[in-house]
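Working from the sequences, and respecting the hints, build out all of it.
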Amino acid sequence: MDQIKKLTSSSLFLPLVALAALLLFNIIFVDGFLSIQMTEDGRLYGRLIDILNRSSSLIILSLGMTFVIATSGIDISVGAIVAISSAVVCTLIGGAGDGVAKQPMVLAMLASIGAGLLCGAWNGLLVAKFKIQAVVATLILMTAGRGVAQLLTEGQIITVYYKPFSYIGGTIPGNILPTTIFIALAMVLLVLFLMKKTSIGLFVQSVGINPVASRFSGINVTKVIFLVYAFSGFCAAVSGLIESSLIRAADANNAGLNMEMDAILAVALGGTLLSGGKFYIGGSVIGAITIQTLTTTMYAVGVASDQLPVIKAIAVILICLIQSKRFQRVFSEWKSRRQDRRQDFPQGKAVNKA
Amino acid sequence: METVLLEMRQIDKRFPGVKALSKVDFTLKAGEIHSLMGENGAGKSTLIKVLTGVYPKNGGSIKLEGKEINPGTPREAQECGISTVYQEVNLCSNLTVAENIFIGREPRKHGFIAWKEINSRAKKLLQELNVDIDVTKTLDHYSVAIQQMIAIARAVDVSAKILILDEPTSSLDEQETQRLFTIIRKLQKQGMGIIFISHFLEQIYDLCDRVTILRNGELIGTYDVEKLPKVELVAKMIGKDLSAMQDFGKMDDKSVPSDEVFMAAKNIACVGRLASMDVEIHKGEVLGFAGLLGSGRTETAELLFGVHEITKGELQVSGKKLHVADPMAAMQKKIAFCPEDRKQQGIIGDLSVRENIILAMQAKEGMFSHIPYKEQVKIADESIKLLQIKVSDREQLIKNLSGGNQQKAIIARWLATNPELLILDEPTRGIDVGTKNEIQKMAVKLAKEKGMSVIFISSEMDEMIRTCSKLVVLRDRKKVAELEGSDIDSERVMQAIAGGDA
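These protein sequences, in sequence, are chains A and B. One point on numbering: in the numbering used here, the residue at position 244 of the first sequence is 244, and numbering is uninterrupted. One point on numbering: in the numbering used here, the residue at position 114 of the second sequence is 114, and numbering is uninterrupted.
Worth flagging that the hints you see were computed from the coordinates, not collected in a lab. Just to be clear, a hint being listed does not mean it is correct.
[Unchecked claim] With a cut-off of at most 30 Å between alpha-carbon atoms, the simulated DSSO-like pairs for lysine-lysine come out as follows:
| hint | chain 1 | residue 1 | chain 2 | residue 2 |
| --- | --- | --- | --- | --- |
| 1 | B | 364 | A | 6 |
| 2 | A | 278 | A | 223 |
| 3 | A | 129 | B | 364 |
| 4 | B | 343 | A | 196 |
| 5 | A | 6 | B | 378 |
| 6 | B | 266 | B | 378 |
| 7 | A | 6 | B | 399 |
| 8 | A | 278 | B | 390 |
| 9 | A | 131 | B | 364 |
| 10 | B | 334 | A | 197 |
| 11 | B | 334 | B | 399 |
| 12 | B | 312 | A | 131 |
Given below as structure tokens:
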């Protein structure tokens, strides 16, 4: 009994239940949902792998977003940073039709990540140092960022024919799984490592819960906030690499479009409060996968793509309701009232949340 | 006079793992001022929160004027006629006084808010409490004392049967307190039942008719204040017998400072905060900053700790000149600071006791290092034992501890950094007598046994006189006097604060 209680009170429990429910729906209603097959050139494919593959860049974005939100901030510029990162990498490799890279791909990738870091640092500077409200500060880059990307690509959609570039979003020859899954895994491991071996997690939570007291305890609040935005920019840049490689092009107008909203949603679904404080990396990852699963499911059962947002909204409302403390309380009160009526002593399950 | 207004019977309240209240009875008569006393964690706040609908009760009954009530939210409690004024004024400082009084229930005329009526009614309401102020000015124009009275005016106007005052005097000075008492007595005469919670014994004896004492969630008893000597009251609160109480309040000898100066501040100042301050702190010394609120005592402490930067004068630590730009710079020099406002500046509410305790130490080690979990546990457990912090376990969230235990955890946070100078700003505000005494003793002990320098700031004169070996008196953001050794007595300090000589 105690173990069950421990399990259900775990922060990951509800996000996992939501995901499990979705998967169950899929298993029942979508033919061959679980089947994984091997293609002729030795790659695995199937819906599950597809979901993981496609959720990778969202997972990475939501990692950075989780830290930002934990400091009670928000970063709505990540979509634009994705576009900038795409523009940088594609411009540097170049759109030569003969498939020759202008600059070495590694260099282009590093430059693109550098650009992302720079964007994040800019956000961090505005929020941490100049104390501009996070939404406003990142709104600047959200609107201006795509312009910057346009400038870099000179208003063109740069299509990259250099073959190895497609490996980032696709599969490296000889590998059985898409590269994106490995990138996402590496990023998650990096974050877990940071959580385990540094105190960033503690400081981020501390700043998110009570910045004044954190400062009085010697924490450099400005630095912590600056770093989380820089990290979010870094994550967005990595996502940008994946997104551009998937379409082998830099599309300044559409790369990463609205992804900031999905990233925020993933964090929220994962159980991290937008008011900051305690955060759940695992939850955010599951949240991101949940969102992608939802999209894939809808396509699979034949919902038209222009109706997708409605279905998505309904599913999100349900998931949020399940996770709402208030709703849980109302629900359990209703349950205990019903029990009271049946038997005659007034003791339901006590729900105390101090 | 003798009609029973409120009857709480056999109230039970459980929190996960803790029994906060166990079969507690509480009776309030109309027209009486009834104090609720007990140490931190005794269950006072829980009882009040059950009464005002913040927490649901697990058992027992509440009867108001003979009718059973079961408030589920503070609003429902208010509709029944139970109003609460909390320790921290919870009004909006950017709204006018009148708006604050009528917010959420504005009188309307043809669907529009009747501003004239609001203002005139607010004015009248406050005049009844002998407060004559401009109600169209925003709240932040007025002192905390006035704000407190505005909160009371609002509470009284909303409902007028029971008024709960939770530590209303903790941020008021003597004069303001008396003024508040006049108002409370006036309300008493109108037949209102008043529950008054305070840690100041004198105020209880000054104001209250009866007192109900709780300890560890259990009812100890209800007594007529007149018939209960102070010592006995304290004994009942902390559960020790009278003989052990004889030395209660008596301190061991004060610490004798060594000749070695730890820190010297020469004419330090900060624009808008401190005009001028000159002070030397020796090793092993308990130095007190006395003065009224806003006299510059907290401001000085904040300058020493680098919360604000010094704009004039210089600071020396162990003979070397030092510029403290931020708290970390001070911490590197082994300076520690327990701030005045525990909730805002001290605790990180949603973190566990363990995390709160190791926080400063971890900050000192840096963001990119990590104190191993085992060591954290060790430090936390040792602190909890040493300071006798009452927790269900070290992973309990600190916001769920009582005020005194939160304070102890914050002190533990700083002791873990091994400071040479510990600044305690109002460490005993809003906590019970027993813990107060423990903290005072601890300050002296640290100075005596470890040779630590301690700066002690408090509004309570007794406490300062008992604890400090040297007292610096501040007035109007300036140092006005320095008293040492046998010169420290309440009369001299009072005089210096009031500006008699100097």
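Hints, one by one, checked against the model:
Proposed proximity of residue 364 of chain B and residue 6 of chain A is contradicted: the alpha carbons are some 34 Å apart, above 30 Å. For a cut-off of 30 Å, the pair hint linking residue 278 of chain A to residue 223 of chain A stands: about 19 Å separates their Cα positions. Proximity of residue 129 of chain A to residue 364 of chain B is assessed by CA-CA distance (about 21 Å); at most 30 Å being required, the pair is judged to hold. For the suggested pair residue 343 of chain B and residue 196 of chain A, the alpha carbons sit about 29 Å apart, so the restraint of at most 30 Å is met.
Between the alpha carbons of residue 6 of chain A and residue 378 of chain B the distance comes to roughly 24 Å, so the proposed pair stays at or under 30 Å and holds. Restraint check for residue 266 of chain B and residue 378 of chain B: not satisfied, since their Cα atoms lie roughly 40 Å apart, outside the 30 Å limit. Taking the CA atoms of residue 6 of chain A and residue 399 of chain B, the gap is about 22 Å. The hint holds against a cut of 30 Å. Of the pairs offered as hints, the one joining residue 278 of chain A and residue 390 of chain B holds, with about 24 Å between alpha carbons and a cut-off of 30 Å not exceeded.
For the proposed pair residue 131 of chain A and residue 364 of chain B, the alpha carbon gap of about 24 Å is at most 30 Å, so the pair holds. About 25 Å separates the Cα atoms of residue 334 of chain B and residue 197 of chain A, which keeps this hinted pair within 30 Å; it holds. As the CA atoms of residue 334 of chain B and residue 399 of chain B are separated by approximately 27 Å, the hinted pair is consistent with the 30 Å bound. Restraint check for residue 312 of chain B and residue 131 of chain A: satisfied, since their Cα atoms lie roughly 27 Å apart, inside the 30 Å limit.
The structure fails hints 1, 6 (numbered hints given earlier, in ascending order).
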